[in-house]
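Novice: Here's the letter readout for the chains.
2 protein chains.
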Amino acid sequence: MKPRWDKVTLAHGGGGRETAEIVEYLLVSRLPDALKRTPGGYGLDVLDDAAAIKTGDGFIVVSTDSYTVNPPFFPGGDIGHLAASGSINDVLMMGARPIAALDGIVVEEGFPLGDLERIVDSMLRVFRDNNVSVIGGDFKVMPRGSIDKIVVSTTVIGFTDKKPIVDRELRPGDVIIVTGPIAEHGAAILAARLGIESPELRSDSKPLTDLMIPLLESYRDAIHAARDPTRGGLAMTLNEWASSTSLNIVIDEAEIPVREAVRKYAEMLGVDPLTLASEGVAVLAVDPSKADEVLEQIHSLGYSEARVIGRVREPARLKGVVIMRTRAGGLRLVEPPSGEIVPRIC
Amino acid sequence: MKPRWDKVTLAHGGGGRETAEIVEYLLVSRLPDALKRTPGGYGLDVLDDAAAIKTGDGFIVVSTDSYTVNPPFFPGGDIGHLAASGSINDVLMMGARPIAALDGIVVEEGFPLGDLERIVDSMLRVFRDNNVSVIGGDFKVMPRGSIDKIVVSTTVIGFTDKKPIVDRELRPGDVIIVTGPIAEHGAAILAARLGIESPELRSDSKPLTDLMIPLLESYRDAIHAARDPTRGGLAMTLNEWASSTSLNIVIDEAEIPVREAVRKYAEMLGVDPLTLASEGVAVLAVDPSKADEVLEQIHSLGYSEARVIGRVREPARLKGVVIMRTRAGGLRLVEPPSGEIVPRIC
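Residue numbers (the working numbering), protein chains in the order written: chain H, 36 to 381; chain R, 36 to 381.
No lab work stands behind these hints, which were simulated from the structure alone.
Warning: the hint list may mix true and false statements.
Intra- or inter-copy, both count: the list cannot distinguish identical chains.
Only pairs whose alpha carbons sit at most 25 Å apart, straight line, appear in this in silico DSS-like list of lysine-lysine [unchecked claim]:
hint, residue 1, residue 2
1, K198, K89
2, K89, K197
3, K198, K42
4, K42, K299
Predicted model, so just to flag it, every value in this text is computed and none were measured.
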């Protein structure tokens with residue numbers, strides 16, 4: 036299918052509908068099925084948080100992301116912290132323990148060494164604190180004016196001796212749990228970009244190792260799907276789950292944790308918090324028979340604002356959609372976000 | 036050690052002495068030894084072409100690079116072809132068979148879709164032709180003016196059931212073989228940047244799978260070191276080998292294959308071909324008892340210009356240096372290149 040655009044637009048990088056379209060058009064559709072994954076593994080065939088390669092004794096899980104966030108320093112973090120945390124989280128969301136990382140730094144000529152040290156120190160601190168070895172990388176410089184400050188790419192590799200969590204295994208009846216208030220990263224970046232300072236608008240950038248490793252040890256089999264709702268936010272994550280399984284997901288607006296400051300700020304800008312990125316939150320689809328226990332463990336691990344926000348349902352007339360019961364008592368279709376959303380959010 | 040610069044310069048990205056310095060200062064020196072590699076593996080402790088992670092039945096080998104080459108289309112290739120070939124070659128140089136790849140594309144708003152398709156098609160063709168699955172990636176867009184066209188990051192993962200080739204295992208007496216004429220990529224990019232058109236100045240960008248896989252099958256144990264001399268060229272590769280082992284390497288200028296057009300062009304610009312990047316050449320250090328057989332196999336695989344260019348020697352007064360017998364019959368110290376060399380060469 037020839038696309039309806041002849042140039043790349045900011046919407047293609049927004050993480051919503053257009054990003055999915057261009058990735059499908061440029062990459063997925065051009066590869067034979069056998070080359071979308073390695074034998075017994077998972078790759079572009081499932082388009083999950085990360086890919087998995089079958090080895091003799093389990094699976095190597097690997098994720099790569101290029102971080103372009105602007106500004107590189109923001110309340111609650113910086114591009115180094117975000118790059119390390121984001122790639123660690125992608126590996127965790129596949130049910131694997133992160134063990135090693137590689138980085139690729141591309142920086143503008145003239146970038147202050149002190150700022151670069153702060154960024155690298157942030158990144159290394161996250162890797163060190165999570166016992167992830169840094170085993171390789173690349174360092175490039177582009178002439179002044181040919182890149183806006185810095186881009187950091189991170190590749191994180193993990194291992195699991197169980198089957199990875201592949202989100203297409205979502206099942207009817209699964210309970211949807213969100214582990215903390217959403218939209219914090221997106222709101223913080225929007226605020227920083229507009230020069231608004233507020234102690235309440237801070238990125239939630241955070242590796243979720245302390246949450247996911249104990250949870251996987253206790254309840255791996257009960258967790259049918261897991262994702263960190265970054266670009267495109269909760270709306271994109273749930274829509275991808277629904278459309279890839281043709282199941283419906285029904286959520287309750289009143290149950291979705293959004294901090295008051297974030298809600299007000301998003302309202303002021305006319306942005307839906309469901310489309311704003313989180314960088315320290317997991318969305319889980321859990322077997323209903325274990326949902327109470329899982330939620331209790333999440334709370335006991337310090338994620339006290341975790342909530343059940345909905346359920347997976349067999350589709351009725353509409354298939355593969357996300358439906359929200361609004362506070363006012365009505366029903367609203369939650370569409371996959373499209374358009375620019377927030378450029379250079381991560 | 037506090038460095039003597041307070042801003043990043045183009046020299047830090049040149050792949051020579053300053054790149055080694057900033058990587059040491061920013062990354063290697065800030066990590067405890069245990070976090071420079073995974074147990075039983077190789078990482079920032081050896082700073083080889085790629086890193087290796089020990090698994091139950093062998094080693095996973097992984098390399099990541101961020102390609103910034105300017106212009107993105109050049110005689111002999113494009114940034115997509117280069118990114119796929121370069122990362123495949125890094126994995127091959129560790130003695131592993133490449134099996135899977137992930138890519139990260141960061142592109143400027145307004146970039147023509149047709150150009151992006153050409154780049155992605157080039158990249159995918161290299162992966163397909165080498166039977167490398169493309170299992171994941173990332174796609175980002177930066178606003179107009181905040182990135183010069185495109186940056187492509189590639190991560191390639193390979194596997195070997197033998198010990199990886201770690202270049203620190205270079206031994207006195209080893210024979211140094213170069214598999215083809217050097218400096219072709221560097222000369223082509225320099226020419227393209229200056230608007231010089233010549234059918235004889237073409238990048239050698241090429242995956243070396245067809246060379247390295249048969250060679251590894253026959254002579255793995257005889258190959259003590261292997262590297263593709265990209266940024267910093269042959270001068271940097273040999274100096275890294277010499278300085279990391281404290282051995283000397285003695286090479287013969289008359290034996291180093293450089294095409295006449297490349298030699299003349301480099302001379303005209305006052306650039307030493309030894310410092311110019313190759314993207315389709317391997318430098319091998321081979322056990323002297325097998326060197327003739329190895330060279331013969333290399334020739335039989337179609338690399339007819341492969342040559343023995345020198346030997347590894349026990350150091351005399353000077354340690355860890357590269358010495359060249361010049362055509363004129365003298366001796367010259369080949370220093371690790373420094374300065375800008377060619378910005379955005381790869």
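Novice: Now, for every hint given, state plainly whether the structure supports it.
Specialist: Hint-by-hint comparison with the structure:
1. When the C-alpha separation of K198 and K89 is checked against a cutoff of 25 Å, the pair qualifies both within a copy, at 9 Å, and between copies, at 20 Å.
2. Taking the shortest Cα distances, K89 and K197 sit within 25 Å of each other both inside one copy (10 Å) and across copies (18 Å).
3. Taking the shortest Cα distances, K198 and K42 never come within 25 Å of each other, neither inside one copy (40 Å) nor across copies (46 Å).
4. Neither within a single protomer nor between protomers do K42 and K299 lie at most 25 Å apart by alpha-carbon distance, with minima of 35 Å and 40 Å respectively.
The earlier numbered hints that this structure contradicts are 3 and 4.
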